[in-house]
Each structure stands twice: as structure tokens, then as C-alpha cells.
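All chains should be modelled from the sequences, with the hints used to inform the complete structure.
As given, the protein sequences belong to chains A, B and C, one line each in that order.
Numbering of the first sequence is given in numbering that gives the first Met the number 0, commencing with residue 0 and proceeding in unit increments.
Numbering of the second sequence is given in numbering that gives the first Met the number 0, commencing with residue 0 and proceeding in unit increments.
Numbering of the third sequence is given in numbering that gives the first Met the number 0, commencing with residue 0 and proceeding in unit increments.
Some hints here could point you the wrong way.
Treat identical chains as interchangeable: a pair holds within one or across any two.
DSSO-like mimics (lysine-lysine), calculated; alpha carbons at most 30 Å apart, straight line [claimed, not checked]: (1) 300 with 179; (2) 96 with 336; (3) 300 with 137; (4) 300 with 96; (5) 96 with 325.
Think of the hints as simulated: they come from the structure by calculation, not from any bench.
Keep in mind it's a predicted model, so treat the numbers as computed, not measured.
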Amino acid sequence: MSYVRNAWYVAGWSQDLAAGERLAITILGEPIVVWRGEGGQAVALEDRCVHRLAPLSLGRCEGANLRCMYHGLLFAPDGRVVEIPGQDLIPAQARVKSYPLVERHSWLWVWMGAAAAADPALIPPAVGFDDPAYILGKGQLDYAAEARLINDNLLDFSHLSYVHANSFGSSETWARTRPKITPLPRGIRVERWITGEPGMRGHVGQDDPLDRWSTYDFLIPGVLLMTGGNFAEGTAAACGFGPPDMAQAQGGVTFTSQAVTPLDKGSARYFFSWGPHVDHGDAALRDMLMGIADQAFGEDKVMIEAQQRVIAATPDPQVMPTSADKGVILFNRLVEKLARGEAAGAATLAA
Amino acid sequence: MSYVRNAWYVAGWSQDLAAGERLAITILGEPIVVWRGEGGQAVALEDRCVHRLAPLSLGRCEGANLRCMYHGLLFAPDGRVVEIPGQDLIPAQARVKSYPLVERHSWLWVWMGAAAAADPALIPPAVGFDDPAYILGKGQLDYAAEARLINDNLLDFSHLSYVHANSFGSSETWARTRPKITPLPRGIRVERWITGEPGMRGHVGQDDPLDRWSTYDFLIPGVLLMTGGNFAEGTAAACGFGPPDMAQAQGGVTFTSQAVTPLDKGSARYFFSWGPHVDHGDAALRDMLMGIADQAFGEDKVMIEAQQRVIAATPDPQVMPTSADKGVILFNRLVEKLARGEAAGAATLAA
Amino acid sequence: MSYVRNAWYVAGWSQDLAAGERLAITILGEPIVVWRGEGGQAVALEDRCVHRLAPLSLGRCEGANLRCMYHGLLFAPDGRVVEIPGQDLIPAQARVKSYPLVERHSWLWVWMGAAAAADPALIPPAVGFDDPAYILGKGQLDYAAEARLINDNLLDFSHLSYVHANSFGSSETWARTRPKITPLPRGIRVERWITGEPGMRGHVGQDDPLDRWSTYDFLIPGVLLMTGGNFAEGTAAACGFGPPDMAQAQGGVTFTSQAVTPLDKGSARYFFSWGPHVDHGDAALRDMLMGIADQAFGEDKVMIEAQQRVIAATPDPQVMPTSADKGVILFNRLVEKLARGEAAGAATLAA
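This is how it looks when you write it as C-alpha cells:
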């Protein structure tokens, strides 16, 4: 199972990392300490002291630097050791790997590939807490499953009819119809109308039949950005089943940003925010939606972790794709292509 | 360590599987979902959806069928996919393995070998709740130990004197004397008299010396069927130490059926029932016996799991058989012979 | 990572093993039962019955012997089977390995090497509860880390300034200065003066600047024996920074014996005692010191177990020694040399 290295991975929420604090995360099997110097700058370093391999995430922020709290080596934000207590000479090899890090849209994004190729323009356009158009809540969940299984889940919403019949209240239509899927340079776009059905749970006061528009981009390395809304019955047909004018939405306009970060073989962290557009809800609706999300993402976790256990116990696991798997196949083919390109040494990543 | 595949393994209790319900069990390393359609028929299928390997045991019974609750594929009792939501064509390879299943003597028996060879006559003659002669209780226990170690334990009752001195109240005679052991076509028979000693715990009011008769068959794949009774002192000698006339028993006639199911390398499930003959006890005595059994089988579990840990930590584990191991050796030789025959492709299983 | 086999390893505290009791411990990956016969003699045997590999540590002491409580084999203190219930002949191979064991300084010492080479003179001169000069408390801690990482920690006290700034209240001087290190035949000696600073935590009423003397031997296989004391400022200089006359100490004279026992790859048990000299404290001070020790050794455990996890997750772990590592390097070089000598079959161990 391949992952793209030349990509921005979410390591955490900006607001969870105060000045002078550290967080430890493993991404693609590499232990990383993300910390914020007292001046406010967030930094990502290899989480492994050059001296005796103690984790720097147990360290202490000192101004702009981070001190290993085992024997006191002091690291600058670029990864170089700048002090060894009781020793004048600092060897040239006394440095740890540093990772490009950008804070944007309320997330800490870490670049896992070649530093020279780290282009912030490749950061997916998530919606953060700084966006005045949405009232967002956030959550995260650790999976005992590899990231790709979570990506697969997010790439095919036919599971809504079965996994989430109770939480989201999704009808069988999600499984019995197929969305429009369009390739993007670094992902896919999934668009669909569900017509003539009541709104889903959380869309208060919309129990009469309506047309529900839903669109999301799923982007390298595993980021879902989704919006949608409820429209008068007949809108879908009037639009030729293409994108509606969002200003015509009668309700139910929300935005969710979701990121799947592969920790290690067999584990992943799932970050998500969700909430209504300011014109379609308030903090109370956001809290109701987050309650539904917690229930729904717990349902995914039960299924995906069970799936992971079956796969792990199967000598030569083979899948049998269905017509619902178009998005899964397109996206995974893109991942394989990019990963192969990286493996071949070809730096094929420009947008 | 070999196991026989052409055999009926206990997957659970019939009464624990209501119509419309499912249970998941791994037998010989193969994940199996056992479920009962709404019509009452119990079915055993490979517990792994053909689509993306989600476990069918998280599925939903619909009439006679079982729906995978990840993306909605519907399976018939024979393992074939009969519906893929939103897709007309069902590929020919869309089916999971089905296992022969028979309900008998209150147990769900699953055949792990070649389906053509699945002969219900090979099901061991356990005593179920439908037998009016006995008042039975039931229990089960999961072991972090391979099934063969539990079989070995049940094949040599010399351990009663040490492991179960407190629970069953077994005297040292169990270890210091040897039973009569007779080979059977698919197992062994173990018979013994313990003479001139008081009855064991649970045999109320039999504290004076008596002759205790005990006989059990231990059958492929790992099923123990045991009865016995207390007789007037001198009965053993009068019978020439052969089987007594059970109608002469003064008390203590009980029956226990026990089944050891290998889950995976290093784990097993142990099913057991026990209780008095209607002429020798009542529900209160059954409850007392089950209390003793829970204590005793907990003692076995402590010892056998500890033994398993020692074996796992030993590079080249070797046993040193004693004269108490005759039953162990005979039975394991039979297992090896049958397993070798299966491996050689020779279907050598007729009764 | 090598360990010396021809050495005495601490298996436990004498006072924790009452007559007729057993304790199970794994040393260098070998399961060992240490037990005390009813006559009071402590014995160490392979913890694995010859019959079916049940652990003898689940057994029962009977006089001078130990009975396996699975099927009743009885073992003499030399490891020979002296009874098999129900069987007259005892095979010659019916014996388990026996380990030389000596009780001294309140510890049970087990020799893991060639029995012929087991020389009690090689037991490190720890201070036990039988020494009237000290008022000692004791503790122990299990590590999910290999013993060598704990040894490394104890061989370099520069970590006191960072790991133990709160518990011991150690100043930065511990990290910024270097002790005098002297090779010993089976270890190293580490001596240092910390001058012109207040006493550390627990040295009551010594808040004014003083000269602190500290000296310890760290001996094969992983035993730390340390003493020290507080002296009038200027004493260090007056002694030419060599060992002081301990009779001149103004306070703070304590003794600690510590032993690191490798259980298995990746786990270790840490035994320790500590307390004041009778002229410098009482039971209340001992209890205060033990409270500080519990806090401090918990700090070590957090750091070392985290270090172990990083090492385990690192494909080819490399350290970068600093000038603080002189003791670590000398001791580990000695371990490697002794271990190589053993591997080469050369019994090079005399003191």
C-alpha cells in the first residue's frame, strides 16, 4: 500500500498547540515533534535526539529552541544542535531532520517529501475557524486501521445507506444511485443530487421532500472538502443535474473539512470540522451536527477497524470492485502513479 | 501442530442464536459468520465480504439472506451474492465460501473439511438440553492457548489430584492409578473405578467410602462425553472392574458434554454442559455442579495458559511423556494420522 | 545487545520469599522459579516442567522439594525429578536446569553462567538491611525497556539536571561538569564534587552553600553502589578534589544499592534500596528519601521507556556520544569484552 510523500499531511490543529508546547505524532512511520516556540512559530522536527534517541517531544521549549530533557542537548528550529551541556565542540552531524510546516485553515500541515518541493500552493483549500462564512466544530479520532481504508470509505458514499442509516439518516438512494465523478489534478470531485426526499438528520424543519445537492473534493494525500444544501423540489432537474446556484439554497448549507493522516502501518488519525453556513444555522445547530458526526464517525470506525482485522487475517486479500468504486479506483490509481513517480526519483509533483 | 479438517466443530449453542441474529467465530484460523435466517435455518459462511473484506457478522439478516452493512451486498444462504445495490450485473465470482452446518444436541456443528465428505453420522453423540434424562447447565470459556493443550488436559485425568484438589475435591488416587484406555474408531474410551473413597464434591450425602465409576469417550475433533456414578463399596470388584449396571448406582450419576474448538493458533473456545440424571438430582444440584465446574475450569485455564506461555517462550519445546499419557498419545497419534491422510489428499474418514 | 552470563543477577529480595513460597522471574530470557524450601534454603530452577512444560512456579513446596501442580511430578532442589505419581521408573533425563543461588546483602543472587565458574566473591558488595550503619527502604520497578538503557542512565548522571530537576532538585552543574571516572576490574568508579551549592532535596536544613561529595561504583552485571555526603564549603579544594574523610561530613550521608536485571529482550526489573547513615538521619528521613526516589525513578522510567520505543521504531539506531558518555562507553566496552570472551568459550572471569 503506497502513500504519496510529496504532500502536506495534517499533524494537528493550530489552536491545540500553544506557544511553548509540543505535540508528538508519527506520520508515515516517522516520529515527528511539532512544537511552537515562545515567539509563536510552529516547527516540525524528527522526534529523536541524535545523542541517545530520546524523544524530543518530552523536551522543553526555551525561547525559539527545544531542549532534549534527557541529557540537555538544545535544538534550533532548523534541527541543528546548538548546545551540548559541558561540551564545547558540537559535531557537524549533530542535527535532526526538519520538516517543512505551514499553518493554514486552522491546521498544522507537514510536508513529508523532498523539502525543495514543498509548495504551499499544494495545501488543500480547507475551511478553518478563521472563515467567517461558517460556524465550525472540530473533532478527531484515532483508527487501528491503515489510512487508505478510511480514504476508500470517504471516496464512496454508497456506505451511507448502511453504515449511517441511524446517524445521518441516509436513505437507500445513496447506495442505489451513482454520483458524477470528475478527476482533478490532485484528486477527484464527487457531485450528486438526491431528489424528492426529506432532508437528512440535523436539517431542522426540512421534513418535506426536497432536492439535496452534495459536492466534495477528495484531495492528495487524503483530504475531503465538502459542501451542499437543500433546494426546492425540481431544482436538480432545472439545473440539468449540474451544480446549483448556492444562493438559492433553502437550508442545510454546511461545510466539512476532513483529513486522514497515516500514522504507521495499520494506524491513522482522522481530523474533521463541520458546521453550518452563517445564513443557515447557529452554534446550537453546529453542536447538533457535531453530535451526529461523533455518532456517524464512530460507526465508520467500528466497520473499518473490523475490515482491517479481516484483511490482516487474510493471506492474500483481494477486493471485488463494484460500480460504486469508481472514485476509489480513480483516486488510488492517482496515488499509485504519484508514489511510483516519487520512487523512480522523478519529482513529478507540480500542481 | 495438526488438526483434522474433516470433522464437526462446535461453533456455539443453538439457543444462543435467535432467528435474525449472527455470531462470529474463527475456527482453524478461518473467520466464519454463523447466522439464523428469519425462517429459523442456521447457516455458516465465510465472514468476509467479497467486495472490500468487511465482516458479514456486522451484517443484517433480511428474510433468508444476510446483508453486508458496509456497502449493502446481499448474500444468500449458499454464499452467493444476490444483490449489489445500484448495479445490475452480479459477477460469477461474487460468492463466499459456505460451510456445512448441522444443529444437534443443542450445539451448532460446522464441518471444516471437504463439503462432499460432510457426514452428520460423524457428529459425536453429545447430550443436549432436549434429552429428558438429564438436567443440564452450560458454560463456555475462551483460552489464550491452543486447543491441543486443552485436549491433552482432558485426555489425562491424573491432573485432577493437583489442579482440582479444591474444586472437585479429587483425591491423589486419580494421579496414582491408571484408567483402562481403549481405542475407538474416532477417539479413545477412558474407564476407571476409584474404590473405597468418599464421593467427590457435589455428590451430597455421600461422604462414606464408596466405589466411583467414571467413563468417557474423547472424540475427534475434541469432544468429551462423560458419565459415571457412585456405587456401594465392593461393586467394582464384583464387576471385575468392568462397567457396572448403571441402574444400581446409589447416586452421583451425571453427564457432561465438552467441546474444544481451535479458534486460531494460540486460542481456543471451550464449551461445556453438565448436570445430574433426573433420578439423581434436581436443578439445585445442577447449579451446585455448575458452580464447581466454573471453579475447576478456571483452574485448568490458569494452568494451561501458563503452560502455553512457557511453550511459546521455549525455542524447541520437548515433552517427556509419563505412563499417565497413554490417552494423550493414542489420541494425538490418531489426529496426526487423519491429518496426514487429509494432507495427502486421501479422503480417509469413513466412521 | 550483549549481556554477561558469568555474573550474579538479582532475582528478588530475600525478605519477599517466605519459606514454602515461590517467585517466578525471567532472567536473560530464561524462565526461573526461585523458591524457599520449608527448611529455609532458597533454590533457583528452570521454571518449566520436563513433562509437559507447565511452570513450576505454579507448584507447591513440600519439605525441601517442589511439586509441579499440573500432573504432580516432584522436583528436588538440584532439579532432579524424585517422584512421578503412579510410575515407578524415573527416566535419567527427568531433571530441569538448576542455577547457583546465593543470598547476600538482602538480595537473592542467581548465577546465569557456567555453574563451575559461580564464585560468590564476584557478588557486588551491596548494603543490605543487615548492615547496622544504614536505615534503608526498598523498592522495585518493572521497565518496558531493555536493561542496557537503564544501565546507560545510571552510568551518566548528567541527566540529573534535566530528568530530575524537580525530584532530586539537581542543579545544572551535574550536566555542565564531568566526574572523575576510574576503571575497576568489573566496572567503573564515578566520583565528583559539586561545590558551593545548597544540598539537594531531602538533605534537611542544608540550604546554605556546601560541598557535595558523591561516589559510586557501577559493577557487572548492572549494580550501582553509591554513597556521598555534605561537607563544609572549601572541603573539596582542601582534599584536592579527591575523596574526603567521611567522618567530617556535616550531613547527607546515605547509601543506595541498585540492581538492574534484564528480564527479556525489551524488559527489565529495577531493584533499589536507599537510606541515611544512622549518624545522619532516621526512619522519617528514610521515608522522605524513598518518596523522592519513587518520584525520580518514575521520571527515569518515563524517559527510558519512551527512548526504548523510539529505538524500536528506528531501522538502524545510531547514537552520537558526548563527553558525558565516558562512563557509558567504558562500562559497555567491558560488557562487550566479557561477553565476547564467554562466546568464544574462554572462561575469562576471575575478578
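Okay, the hints, checked on the actual structure:
In this homomeric assembly, residue 300 and residue 179 come within 30 Å of each other (Cα to Cα) only inside a single copy, at 26 Å, whereas the closest approach across copies is 55 Å. Taking the shortest Cα distances, residue 96 and residue 336 sit within 30 Å of each other inside one copy (27 Å), while across copies they are farther apart (34 Å). For a Cα distance limit of 30 Å, the shortest separation of residue 300 from residue 137 inside one copy, 17 Å, qualifies, whereas the shortest one across copies, 34 Å, does not. Taking the closest pair of Cα atoms, residue 300 and residue 96 come within 30 Å of each other only across two copies (26 Å); inside a single copy the shortest separation is 33 Å, beyond that limit.
In this assembly of identical chains, the alpha carbons of residue 96 and residue 325 lie at most 30 Å apart only when taken from different copies (27 Å versus 38 Å within one copy).
Comparing the model with each numbered hint stated earlier shows that all of them hold.
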